[in-house]
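Peer 1: Make a model of the complete structure from these sequences and hints.
Okay, here's what each chain looks like letter by letter:
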Amino acid sequence: MKKGIYLLLLLSISVHFLANAQDNAGLTLPNGFKANLFAENIGSARHIAISKNGVVFAKLNRADKQGRTIIRLADENKDGVSDKITGWANYGGTGIYLSGNALYASSNEAIFKYQLDASDEVVNPLSPITVVTGLINRRQHESKSITFDKANNIYVNIGAYSNACQDKDRTPGAQGMMPCPILDSAGGIWKFDASKENQTYGDGKRYATGLRNVVGLDWNPQANKLYVAQHGRDQLNTFFPSLYTDAQNAELPAETFYEINEGDNAGWPYVYYDNFQHKKIVSPEYGGDGKKEGASDIKNPAVAFPAHMAPMGVLFYTGNQFPEKYKNGAFITFHGSWNRAPLPQEGFFVAFVPFKNGKATGDWEIFANGFAGTMDGTKITSTRNAKARPCGLAQGPDGSIYVSDDTKGSIFKISYQK
Amino acid sequence: MGNRKIRYFIFGAVVMFLFNSIKTQAQNLENGKKIYETRCLVCHQADGGGVPNMNAPLDGSTNVVSSDIGRLVKIIKNGFNERVELDGLYYSNSMTPNPDFTPAQISDVLSFIRTSWSNKASKVTIAQVQVALKGNQKTKTK
Chain C
1 MKKGIYLLLL LSISVHFLAN AQDNAGLTLP NGFKANLFAE NIGSARHIAI
51 SKNGVVFAKL NRADKQGRTI IRLADENKDG VSDKITGWAN YGGTGIYLSG
101 NALYASSNEA IFKYQLDASD EVVNPLSPIT VVTGLINRRQ HESKSITFDK
151 ANNIYVNIGA YSNACQDKDR TPGAQGMMPC PILDSAGGIW KFDASKENQT
201 YGDGKRYATG LRNVVGLDWN PQANKLYVAQ HGRDQLNTFF PSLYTDAQNA
251 ELPAETFYEI NEGDNAGWPY VYYDNFQHKK IVSPEYGGDG KKEGASDIKN
301 PAVAFPAHMA PMGVLFYTGN QFPEKYKNGA FITFHGSWNR APLPQEGFFV
351 AFVPFKNGKA TGDWEIFANG FAGTMDGTKI TSTRNAKARP CGLAQGPDGS
401 IYVSDDTKGS IFKISYQK
Chain Y
1001 MGNRKIRYFI FGAVVMFLFN SIKTQAQNLE NGKKIYETRC LVCHQADGGG
1051 VPNMNAPLDG STNVVSSDIG RLVKIIKNGF NERVELDGLY YSNSMTPNPD
1101 FTPAQISDVL SFIRTSWSNK ASKVTIAQVQ VALKGNQKTK TK
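Each protein sequence line maps, in turn, to chains C and Y. For the first sequence, position 78 matches number 78 in the numbering used here, and the numbering has no gaps at all. For the second sequence, position 1 matches number 1001 in the numbering used here, and the numbering has no gaps at all.
Think of the hints as simulated: they come from the structure by calculation, not from any bench. All C-beta atoms, glycine included, are put in the ideal place defined by N, C-alpha and C. Careful, some of the hints might be misleading.
Heads up, simulated DSS-like pairs for lysine-lysine below, C-alpha to C-alpha not over 25 angstroms straight-line [unchecked claim]:
(1) C:Lys-168 with Y:Lys-1074
(2) Y:Lys-1033 with C:Lys-379
(3) C:Lys-356 with C:Lys-327
(4) C:Lys-65 with C:Lys-387
(5) C:Lys-113 with C:Lys-34
(6) C:Lys-379 with Y:Lys-1034
(7) Y:Lys-1134 with C:Lys-168
(8) Y:Lys-1077 with C:Lys-168
(9) C:Lys-379 with C:Lys-408
(10) Y:Lys-1005 with Y:Lys-1077
Derived CB-CB ranges, DEER-like [to be verified]:
(11) C:Ile-366 with Y:Asp-1087: 28 to 36 angstroms
(12) C:Gly-100 with Y:Leu-1086: 37 to 45 angstroms
(13) C:Glu-40 with Y:Ala-1046: 39 to 47 angstroms
Stretch-level coverage of chain Y by chain C, calculated; a stretch enters the list once three of its residues show a Cβ under 8 angstroms from a Cβ in chain C [claimed, not checked]:
(14) 1028-1037
(15) 1071-1080
(16) 1112-1118
Peer 2: Rendered as structure tokens:
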């Protein structure tokens, strides 16, 4: 009898664990993949970086309850869940990047450098080196995301502090300024030397322009090129109701992913990319009618995604854990939309973009879904109802990938089991 | 007899007045809802929840249910483009101005917003809107 009770207990415990393991932290993944929560409730976790020892660093948009904005998460007992969480810094921001034993983090105006010791502990938490300072932050599109090339150069996004460079921002009927004066100091990617200190605009170089707001960017090591994901403009229907319906605005313009060469121009604010006509269309603020095509020297996207989904993080996968098709391809986190209203919101997932010989094939697929917490099929009609919104992306030393959420601060770890 | 007639007349007028004012109020909220859906919902969302970090929430927002009606009226009319804290958070998007709104429309949409979702504040009269808009040209924000 007693034996029977023990057996029942054992059975129920194992069923419980099995159920948890198969729960995949609420995510839907391709066959063979599993997910678990590496961390929960750490705050507004934007981008993340992972050391070769597996320590995760997360940049918070706002200070947590202890006043910290860079969080260090270690998994000392190696069970896949962080067990030692510390932190420092007092400035909100998005960007974080590890290069050797240096950790770079950005506020919405500057980039700072910290030294890590052999055990990935920060050496100078209170006295970072200021690498870049004085970057424009005018509320809108203020994130300064960063990535590096192989020659220790930093690429930083400086978002346009405007929706469409109207003479009055987000105002019905306001015309686009010609030329758009924002582009001399924002609306593009700037390049700086990571080994120098206290640099500002004059020390760097505008590497690419015509990019309204890039939050996700990464260096493609196979092609040895920068790739960036742009947030397309909002409110075509709100400002030009005679040209665009609510339904058209929900699908236009495409969110775009570009391969960037030095000097490239992606066309903002003069054009946007229409993923149905497969054309760059003149913005209505600049005399467009939804059909008129823009200049031909403007960059075409490598991949175009549905409108308003807000790409937040890009990661070129170089690990060996995932199946072969993922190698050298790109993962992109999508934050989920708001400007599709009154239609239901979309996004809130991680996409995979296959690459062949360093070039995007043009296809994409949903890799991890369910972050919004509504896998029962109900749609999110108000963005705040999404339980988690994917933001940062990084690859662990074992080839797992980590996805951060900046609503409550979950970090999901996604792995593949053969 | 004449007295009684007058009394009936006054009684009738009062009933009509009450009926009409109830009807007007109902129309105000219905009209306010329509205005909200066509002009406000795209940013502030169907449930007034706003968009985290971008568009300010209206549901449960202390500013929205506050007694400073004048401020709300001006924000609706002129738009808003300042970095201010709202219940401990910041919102980055500029708000679109609505220069074409009449005092009646502003009264309708504000009444709807202040009494919808979890909000239980007072409705806003046309007279309150008119007071708030006096001298608005001078304080108009970009």
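Peer 1: Please go over all the hints and tell whether each is borne out by the structure.
Peer 2: Hint check results:
1. Restraint check for Lys-168 (chain C) and Lys-1074 (chain Y): satisfied, since their Cα atoms lie roughly 17 angstroms apart, inside the 25 angstroms limit.
2. Simply put, Lys-1033 (chain Y) and Lys-379 (chain C) have alpha-carbon atoms about 22 angstroms apart, close enough for the 25 angstroms limit, and the pair holds.
3. Proposed proximity of Lys-356 (chain C) and Lys-327 (chain C) is supported: the alpha carbons are some 9 angstroms apart, at most 25 angstroms.
4. A C-alpha spacing of about 20 angstroms is found between Lys-65 (chain C) and Lys-387 (chain C), which places the hinted pair at or below 25 angstroms, so the restraint holds.
5. Restraint check for Lys-113 (chain C) and Lys-34 (chain C): not satisfied, since their Cα atoms lie roughly 34 angstroms apart, outside the 25 angstroms limit.
6. Between Lys-379 (chain C) and Lys-1034 (chain Y), the direct Cα distance comes to roughly 22 angstroms. Compliance with the 25 angstroms bound is thereby established for this hinted pair.
7. Distance restraint check for Lys-1134 (chain Y) and Lys-168 (chain C): the Cα-Cα separation of roughly 23 angstroms lies within the 25 angstroms cut-off, and the hinted pair is therefore satisfied.
8. For a cut-off of 25 angstroms, the pair hint linking Lys-1077 (chain Y) to Lys-168 (chain C) stands: about 14 angstroms separates their Cα positions.
9. Proposed proximity of Lys-379 (chain C) and Lys-408 (chain C) is supported: the alpha carbons are some 20 angstroms apart, at most 25 angstroms.
10. Distance hint between Lys-1005 (chain Y) and Lys-1077 (chain Y) is unfulfilled; the C-alpha atoms sit about 48 angstroms from each other, more than 25 angstroms.
11. About 34 angstroms separates the C-beta atoms of Ile-366 (chain C) and Asp-1087 (chain Y), a value consistent with the hinted range of 28 to 36 angstroms.
12. Here the CB-CB span from Gly-100 (chain C) to Leu-1086 (chain Y) is close to 41 angstroms, well matched to the stated 37 to 45 angstroms.
13. One distance hint, 39 to 47 angstroms for the beta-carbon pair Glu-40 (chain C) and Ala-1046 (chain Y), is violated here, with the actual separation near 28 angstroms.
14. For the region 1028-1037 of chain Y, the stated coverage by chain C is violated: 1 residues have a C-beta nearer than 8 angstroms to a C-beta of that chain, whereas at least 3 were required.
15. Only residues whose C-beta sits within less than 8 angstroms of a C-beta in chain C count toward coverage, and the region 1071-1080 of chain Y has 1 of them, not enough to reach three; the restraint is violated.
16. Taking a C-beta to C-beta cut-off of 8 angstroms, the region 1112-1118 of chain Y contributes 0 residues in contact with chain C, too few for the three needed, and the coverage statement is violated.
Violated hints, listed in ascending order, are 5, 10, 13, 14, 15, 16; each of the other numbered hints is respected by the structure.
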